[in-house]
Amino acid sequence: MLSGLAAVFFYLFSFVMIVSATTVVVTRNTFHSVLFLILSFFNAAALFLLAGAEFLAIVLLVIYVGAVAVLFLFVIMMLDVDLITLRRYRMPRYAPVGILAGIVLLMELIVVFISSNVVQMANNLAYPTPDIAMRSNTQALGDILYTDYVFYFEIAGLVLLVAMIGAITLTLRHKTGVRRQSIAEQVARMPKTSIEIRKIESNKGL
Amino acid sequence: MQTDLITQLILCVPEIMIATGALALLLTGVFIRGYSYTIVTWLAIAVLVAAVVLLATSPCDGTVFGDALIIDAFSRFSKILMLVSTIAVLVISMSCARAEKFDKFEFPVLILLATLGMMLMISAGNMLSLYLSLELQSLALYALTAINRDNLRSTEAGLKYFILGSLSSGLLLYGISLLYGYTGYIGFAEIADVIAKQRIQPGLMFGIVFVIAGLAFKISAVPFHMWTPDVYEGSPTPVTAFFASAAKVAAVALMSRVIISVFGASVTVVSDSMPVWQKMIIFIALASMMLGAFAGIGQHNIKRLMAYSSITHMGYVLVGLAAGTVTGIQSVIIYMVIYVAMTLGCFAFILAMNNHDGYVENIYDLAGLIRNNPFMTIIMTICLFSLAGVPMLAGFFGKWHTLGAAVGAGFVPLAVVGILSSVIAAFYYIRLIRLMWFDEPKAPFRDVPIDLCLVLILSGSFILFYIFFGIWISPWAEQAAQSLFLML
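Chains as they are written, first to last, in this note's numbering: chain Y, 8 to 213; chain U, 2 to 489.
By construction, these hints were calculated from the structure, which means they are not laboratory data. Hints should not be assumed to be uniformly reliable.
BS3-like mimics (lysine-lysine), calculated; alpha carbons at most 25 angstroms apart, straight line [stated by the list, open to error]:
hint	chain 1	residue 1	chain 2	residue 2
1	U	K198	U	K280
2	U	K105	Y	K182
3	U	K198	U	K161
4	U	K102	U	K161
5	Y	K182	U	K102
Make the full structure from the sequences, and use the hints.
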């Protein structure tokens, strides 16, 4: 259990995180909701730090704030979602179905939890959590990713490669007639090929 | 079964070869630009042939990377079948790719990467490698569907397949997470162990249901078939052929392995009712056979027709799987061999449907083909009769094996429905034959390219003379089926 200063910070970060996460959903301006999303990412990173997972905290900041949130901002600026028609005409039509699906899923979860032995499930853990004092976070993650799970890591890499090839094949268009900078060509320019010297007689012009 | 790293790596040399081959070909394609498509395609075919030779000559069994990959007779057989159909698809794709202007070097590279995903799917040994390999295969297939990007229908099919495919991946993942939560393991053997020991809890049952639903989507079985006709119709024909042959083989192999070696353990528990997976498979099999047979009647586009036909055939495969016995799995394997041969023959024929207006897909364009092109007509007639299950052709033996396995396991009504729906489905196959043989001829097709001729002759002769091939395919399939049960 947490106590003292750590507990204060834990509740502070958790509170801010929950508030900002709620604001993400309820705020009218999509731009603001992305900013609140970033705030909740920051607080999640702080919670990771409190738990002693410094590597995960930094990675969360670098990847989620640095890349994912920026991507979200780009998408919002490019898509220009019309929120007013969405709220006025679409929401009443789709909301009942959405709420119904949510209730069904919730009921299923409740049934599953009531009917099964949750305590017994906790004993099924395949690996116990290792002691943090013995091994640093980064080392433990590295061990798992690059030694035990290297095969899955490689396959995940191939999946990303396929996504990249797919995106490029489907969207890249080679335009003709575009003037591109070719450094090799620029360096290879000689005075002989690029300058033409002409003698111009006086009073004649070109 | 833990062995040292070198032995493990030797076991998965075919996979490593295809992975490095795909990367090398990607670089080759980028560097040579101009005519890279033809060169890269032939190199890809060479890599695939080498992988087939390696698989056929290395009889070692074992597990690789913990239990990530299981190499056994079953996986070897399925991989060889899948690779051979991929080679055929690449061979028949070339003329179409040039005519339809998607002759980019990324096409064979994506096919190779999808093939790699399928190979890993076939020998997946735990839920993590199952999911990753499935995603590798699916992502490559999404991109391939939309590869003809200037064609509206191709991009629409790509988007549709992508959205529905990610939905099914979500279902599968949810099921896997429930299985993990209730058993504490992701390895197939360990999960089977837990299932065999304890009574099945509702949560575990949800997990099994979601996993089967996710896998049924991949083999396009009813009620998860909605994407099939649109995607088959919209995507470029070589890609459709790839979906219908190689992708189906991989998904069926994966489903058989999951059902037999994970959920199959619940059979051994003495219980008065059927295990949940068996109920589900029986329902899916019934629904697929019936819907495919009825819905195919109204189709006039030959690719949509093939989509419904493939749904029906997946129904028959699931009949064999529902039996859950060695004979059942053997029948599944034999059916897939025959199905791939018939499908490749049909798609080679569809790729040859090319008159002065370009590629045609309407079945009425086939009218009177016997007078213009008797060679194509005769081969297609053999394929269609075989799809309908006319005796002494390959398709008849496939149905005979699966329905026989179902009767052997005591599912007589299932077999009866199978026979009834094959009678109904025969209507649309025989309508095509009538169109080709007895109607007034229409505009003649262009000459059939030599590569299509080759595939047509091979599949036609395989179907016609299956009685002779069957003698040495059956024991091989039986050995493969038994290896699946060995893991229990």
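Consistency of the hints with the structure:
1. U:K198 <-> U:K280: 21 angstroms, holds
2. U:K105 <-> Y:K182: Since the Cα atoms of U:K105 and Y:K182 sit roughly 16 angstroms apart, the hinted pair holds (cutoff 25 angstroms).
3. U:K198 <-> U:K161: 42 angstroms, violated
4. U:K102 <-> U:K161: Holds - the C-alpha atoms of U:K161 and U:K102 are around 22 angstroms apart, at most 25 angstroms.
5. Y:K182 <-> U:K102: With Cα atoms ~16 angstroms apart, Y:K182 and U:K102 stay inside 25 angstroms; holds.
Of the numbered hints listed earlier, the single one contradicted by the structure is hint 3.
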